[in-house]
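2 protein chains.
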Amino acid sequence: MMRLAVVQFRPALHAVHENLEFMVRTASDTDAHMIVFPELATSGYFFLSRDEVRVVAEPLTGPSITALRDVAERMDRVIVVGFPELDGDVVYNSAAIIVPGQEPRAYRKTHLFYKERHCFAEGNSGFFVVNIPRLDCNLGTMICYDWRFPEAARTLALRGADLIVCPSNLVTNVSHISMPSRALENKVYLAVANRTGTETRGDEELLFNGASAIYGFNGQRMAEADDHSDAVLITDIDPAATRKKSFNSINDIFADRRPEFYA
Amino acid sequence: MMRLAVVQFRPALHAVHENLEFMVRTASDTDAHMIVFPELATSGYFFLSRDEVRVVAEPLTGPSITALRDVAERMDRVIVVGFPELDGDVVYNSAAIIVPGQEPRAYRKTHLFYKERHCFAEGNSGFFVVNIPRLDCNLGTMICYDWRFPEAARTLALRGADLIVCPSNLVTNVSHISMPSRALENKVYLAVANRTGTETRGDEELLFNGASAIYGFNGQRMAEADDHSDAVLITDIDPAATRKKSFNSINDIFADRRPEFYA
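These protein sequences, in sequence, are chains A and B. In case it helps, the working numbering puts the first sequence at residues 1 to 263. In case it helps, the working numbering puts the second sequence at residues 1 to 263.
Note that these hints are calculated values from the structure, not bench results. From the three backbone atoms N, C-alpha and C, an ideal C-beta is built for every residue, glycine too. It is possible that some hints are incorrect.
No farther apart than 20 Å at their CA atoms in a straight line, the calculated lysine to any residue pairs in the SDA-like style are these [what the hints assert, rightly or not]:
| hint | chain 1 | residue 1 | chain 2 | residue 2 |
| --- | --- | --- | --- | --- |
| 1 | A | Lys245 | B | Arg258 |
| 2 | A | Lys244 | B | Glu204 |
| 3 | A | Lys115 | B | Arg257 |
| 4 | A | Lys245 | B | Tyr114 |
| 5 | A | Lys245 | B | Lys115 |
| 6 | B | Lys115 | B | Phe254 |
| 7 | A | Lys115 | B | Arg258 |
| 8 | A | Lys115 | B | Phe254 |
| 9 | B | Lys245 | A | Ala263 |
| 10 | B | Lys115 | A | Arg54 |
| 11 | A | Lys115 | A | Arg54 |
| 12 | B | Lys115 | A | Lys115 |
Ranges of calculated distance between the beta carbons of each label pair, as one might list FRET restraints [what the hints assert, rightly or not]:
| hint | chain 1 | residue 1 | chain 2 | residue 2 | range |
| --- | --- | --- | --- | --- | --- |
| 13 | A | Gly62 | B | Ala240 | 24 to 34 Å |
| 14 | A | Asn248 | B | Gln220 | 24 to 34 Å |
| 15 | A | Phe128 | B | Gly126 | 43 to 53 Å |
| 16 | B | Thr172 | A | Arg50 | 17 to 27 Å |
Partner residues aside, some chain A positions facing chain B, computed with beta carbon under 8 Å [stated by the list, open to error]:
| hint | residue |
| --- | --- |
| 17 | Arg159 |
| 18 | Ser181 |
| 19 | Leu184 |
| 20 | Arg243 |
| 21 | Ile250 |
| 22 | Ile253 |
| 23 | Asp256 |
| 24 | Arg257 |
Can you build the whole structure from these sequences, using the hints too?
So, in structure tokens, the structure goes:
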């Protein structure tokens, strides 16, 4: 069993110091084994160009992730947080997976949404699973619009994920239709950390609609936030319980797959 | 635009003549361009052995499908119906796709559920799409437990399906979590023709829970039956409307796929 926390808040655009201060405090104060923050939580979301986002981008070894890593080590907590990741000249829409005693890793968003294409490079990390022995948990990460592609969660589950976390900046509600299915069809836990608030650039306003949630491996909603408030959702989960993929004496949702017939 | 009908009823085990009579009458009386019946609708469901199911199995050219083909030709209606298909010595859990003016085809269930494995051979037809020029519709078929595998509907959609029909004999309610997502994630219509009633063999009773439904390509439920009554659901759909997979000036749910990162 482990205690999982999802943090919903309203990152301010460009305000890395302020956003980070909130997250360091929240990560320190939240009594959980793992804490998941939204997509691009250090920087805000609605950038318009590569030049603009480069100003707030940092490498995985930069001050923002280092500050969160310090909290993670001090409090013995896993932290997953979205941030604009600088790698040489290139910026990715990434999530840092910070595990005490391990080197942090970055998942780089595979499927870019809308004007992210003007700001970020397409992710090249692929979908990977981080084993966390102390929690007996295999952690997979995807980001926001990755939800739209059943292949994303499927790939993580086939690679052994018990729990998929999904830092998000969702601007529509349609993901609510698919998120429970992602959990059910793979028999994994799914934690969606979404943000709230609005960001306006020129004529265009984006409304981020909260409703962060933790889904159990049968697709049931175990915890859910409203669409506009700051919130910390906390749920106890049992990662090992996801590993038996059979559900009767004959069927097993992974063993029953027939990839030779899949496009 | 085309008019789609889904028929929910209670096939009687072994009673091919009676089941067929009901379907011939219903297919004749239902004013729709396409009529979808449940899985194994000619024969009932809960067989225990290959020998038992072989008694009611027929080839695609056998009397049952021929009788329905006669109705299809006479009334100019497409009919999809589940039946135990005999091919040489082997029996498949199949769905006949009967299109006026075309040779019927059989989709053979890819993922077998529970004791079907004692009765049927694993399907070898793969997932295919039938073009119906007169309806401007590309029709894909999957059967019941195939819903559990996102790869099934995905494969049909990538092969051009506008509409996926899913003859079913569902015995749990969990599919209700995933069916809307199958429609949404692929931007296709989805028609689930489930049966009602119970079948008991020895100590084991199967309860088939109806709730047949037609889903629009945004995952919305356009029509739904209750869990126990005979019903004919009829909905007008626009197959061509599913073909534009973009949803803003930048994103397209098929063009955005990155198969090189999928397991």
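Here is what the structure says about each hint:
A hinted pair counts as satisfied when its Cα atoms are at most 20 Å apart, and Lys245(A) with Arg258(B) does not qualify at roughly 26 Å. In summary, the hint linking Lys244(A) to Glu204(B) is not supported, as the alpha carbons are separated by about 24 Å, beyond the 20 Å threshold. For the hint linking Lys115(A) to Arg257(B), the alpha-carbon distance of about 17 Å falls within 20 Å, and the restraint holds. Straight-line distance between C-alpha atoms of Lys245(A) and Tyr114(B) comes to about 14 Å, which keeps the hinted pair within the 20 Å bound.
A distance of roughly 18 Å separates the Cα atoms of Lys245(A) and Lys115(B); the hinted pair therefore holds under the 20 Å criterion. Straight-line distance between C-alpha atoms of Lys115(B) and Phe254(B) comes to about 36 Å, which puts the hinted pair past the 20 Å bound. About 18 Å separates the Cα atoms of Lys115(A) and Arg258(B), which keeps this hinted pair within 20 Å; it holds. Distance check on the hinted pair: Lys115(A) and Phe254(B) sit about 18 Å apart at the alpha-carbon level, within 20 Å; holds.
For the proposed pair Lys245(B) and Ala263(A), the alpha carbon gap of about 17 Å is at most 20 Å, so the pair holds. Restraint check: the Cα-Cα separation between Lys115(B) and Arg54(A) comes to about 58 Å, which exceeds 20 Å; the hinted pair is violated. Restraint check for Lys115(A) and Arg54(A): satisfied, since their Cα atoms lie roughly 15 Å apart, inside the 20 Å limit. Between Lys115(B) and Lys115(A), the direct Cα distance comes to roughly 50 Å. Violation of the 20 Å bound is thereby established for this hinted pair.
For the hinted restraint 24 to 34 Å between Gly62(A) and Ala240(B), the CB-CB distance of approximately 50 Å leaves it violated. Against the hinted window of 24 to 34 Å, the Cβ-Cβ separation of Asn248(A) and Gln220(B) comes to about 32 Å, which satisfies the hint. Between Phe128(A) and Gly126(B), the C-beta spacing of about 31 Å breaks the proposed range 43 to 53 Å. At roughly 49 Å, the beta-carbon separation of Thr172(B) and Arg50(A) lies outside the given 17 to 27 Å, and the hint is violated.
Because the beta carbon of Arg159(A) sits about 6 Å from the nearest beta carbon in chain B, less than 8 Å, this interface hint is met. Hint on Ser181(A) holds. Least Cβ distance to chain B is approximately 4 Å, under the 8 Å limit. The beta carbon of Leu184(A) comes within 5 Å of a beta carbon in chain B, closer than 8 Å, and the hint placing it at the interface holds. About 17 Å separates the beta-carbon of Arg243(A) from the nearest beta-carbon of chain B, more than 8 Å, and the hint is not met.
Restraint check, Ile250(A) versus chain B: the minimum CB separation of about 5 Å is within 8 Å; hint holds. The restraint placing Ile253(A) at the interface with chain B holds, with a minimum CB-CB distance near 6 Å, inside the 8 Å limit. At a threshold of 8 Å, the smallest CB-CB gap from Asp256(A) to chain B is about 5 Å, leaving the interface hint in force. Among the interface hints, the one on Arg257(A) holds; its C-beta lies about 6 Å from the nearest C-beta in chain B, closer than the 8 Å criterion.
Checked against the numbered hints above, the structure violates hints 1, 2, 6, 10, 12, 13, 15, 16, 20; every other hint is satisfied.
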